[in-house]
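Engineer: Letter by letter, the chains look like this.
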Amino acid sequence: MTAWIVVTIAALTILMALFIGLRSGLTRSKEGKMMAFIGLLILPTMCVALGFEEQMTRAESTSFCLSCHVMHDFGQSLYVDDKSYIPAVHFQNNYVPRDHACYTCHTNYAMFGTVKAKWGGMHHLLVQYFGTVPKPEDIRPYEPYNNRECLHCHLGSRRFEEAGTHLKLPTRMADIKANRLTCTSSKCHDTVHDVSTLKDSTFWKPAAEGGN
Amino acid sequence: MEILRSLKWSGLLISAGLVVQLLCLLRIHPFSFIAFLGVGCPLVAAGVAIYLFNLLWPPEPKP
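In order, the protein sequence lines correspond to chains B and L. Under my numbering, the first residue of the first sequence is numbered 1, with each subsequent residue one higher. Under my numbering, the first residue of the second sequence is numbered 1001, with each subsequent residue one higher.
Next comes chain B alone, as it looks inside the complex (with noise of 0.2 Å):
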């Protein structure tokens, strides 16, 4: 839902609930009773699940996540100028939505895949308000990354199915399918977010940001 729909309502609630709170001596009557319930149980409730979602909806944005000053190296690592960094491959070609960067490859496509990295977001936000912010280049993943967040994508395509080096071997193909041998750490596609070396890495600058 758009934000302005959410002001909206809210901007409504708020007006709604000081009126009855500067005259709760309406609700003395039927029609008062009826607005109070309304204006102090119903708009709140639905005001907050719709912040709620609007909420969640904006920390899923390449944005949001870059905001944090620990992220702004993973956010340089995008723009780097070479194919071999797998991110800004992703990122530059728009493989990934550039908005969505991050949520499109840091979720889990499981069975309450968006709950679990929303759960590791809220980490994330705990450890940056109230714990001690590790270095970027000491920063990993929680678990070793999973082939299915790739082949979430990846699967069925021409490209990934027919390339000559995952069916050199007769079982790498099923190895790759079943996570047994790792996209990101087989010596294939093994530059992720490399933070160590951007101070000599060149950047892609583009044309107008956001544009395609």
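Don't read these hints as lab results, they were simulated from the structure. It should be emphasised that the depicted structure is a prediction, and the values quoted were computed from it without experimental measurement. Note that the Cβ used here is the ideal one computed from N, Cα and C, for glycine as well. Heads up, a few of these hints could be off.
Said to hold, decoys possible - Here are the simulated DSS-like pairs of lysine-lysine, each with C-alpha atoms no more than 25 Å apart in a straight line:
{"#": "1", "chain 1": "B", "residue 1": "Lys135", "chain 2": "L", "residue 2": "Lys1008"}
{"#": "2", "chain 1": "B", "residue 1": "Lys118", "chain 2": "B", "residue 2": "Lys135"}
{"#": "3", "chain 1": "B", "residue 1": "Lys205", "chain 2": "B", "residue 2": "Lys83"}
{"#": "4", "chain 1": "B", "residue 1": "Lys177", "chain 2": "B", "residue 2": "Lys83"}
{"#": "5", "chain 1": "B", "residue 1": "Lys33", "chain 2": "L", "residue 2": "Lys1008"}
{"#": "6", "chain 1": "B", "residue 1": "Lys199", "chain 2": "B", "residue 2": "Lys168"}
As the list claims (entries may be wrong) - According to the in silico footprint, chain B covers these stretches of chain L (three or more CB under 8 Å from chain B):
{"#": "7", "segment": "1011-1020"}
{"#": "8", "segment": "1031-1044"}
{"#": "9", "segment": "1047-1053"}
Chain L: place on chain B using the hints.
Structural biologist: Same frame as chain B, now just chain L:
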């Protein structure tokens, strides 16, 4: 009356909570998310709880 004072508090708490929630929509930032969950939601929840409490267990009128 006790119940009217409770309704007043309920309305004010809900309004305050929703104002916080509106402010949290101004910027896309983790702090907005935390403020929404940590301040806005509890204020609204407290207001709704006060209203429901008075609806379900209205205070006895003083003789």
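Engineer: Could you run down the list of hints and mark each one as holding or not?
Structural biologist: Tested hints:
1. Among the hinted pairs, B:Lys135 with L:Lys1008 is inconsistent with the structure: their alpha-carbon atoms are about 49 Å apart, more than 25 Å.
2. Our distance criterion of 25 Å between C-alpha atoms is met by B:Lys118 and B:Lys135, whose separation comes to about 22 Å.
3. Proposed proximity of B:Lys205 and B:Lys83 is supported: the alpha carbons are some 15 Å apart, at most 25 Å.
4. At most 25 Å may separate the alpha-carbon atoms for a hinted pair to count; B:Lys177 and B:Lys83 meet this at roughly 23 Å.
5. Proposed proximity of B:Lys33 and L:Lys1008 is supported: the alpha carbons are some 13 Å apart, at most 25 Å.
6. Our distance criterion of 25 Å between C-alpha atoms is broken by B:Lys199 and B:Lys168, whose separation comes to about 36 Å.
7. Coverage of the segment 1011-1020 of chain L by chain B holds. Counting CB-CB distances below 8 Å, 7 residues qualify, and the rule asks for three or more.
8. Counting residues of the segment 1031-1044 of chain L whose C-beta lies closer than 8 Å to any C-beta of chain B gives 9; at least three are required, and the coverage claim holds.
9. Counting residues of the segment 1047-1053 of chain L whose CB falls under 8 Å from any CB of chain B gives 4; the rule of at least 3 is met.
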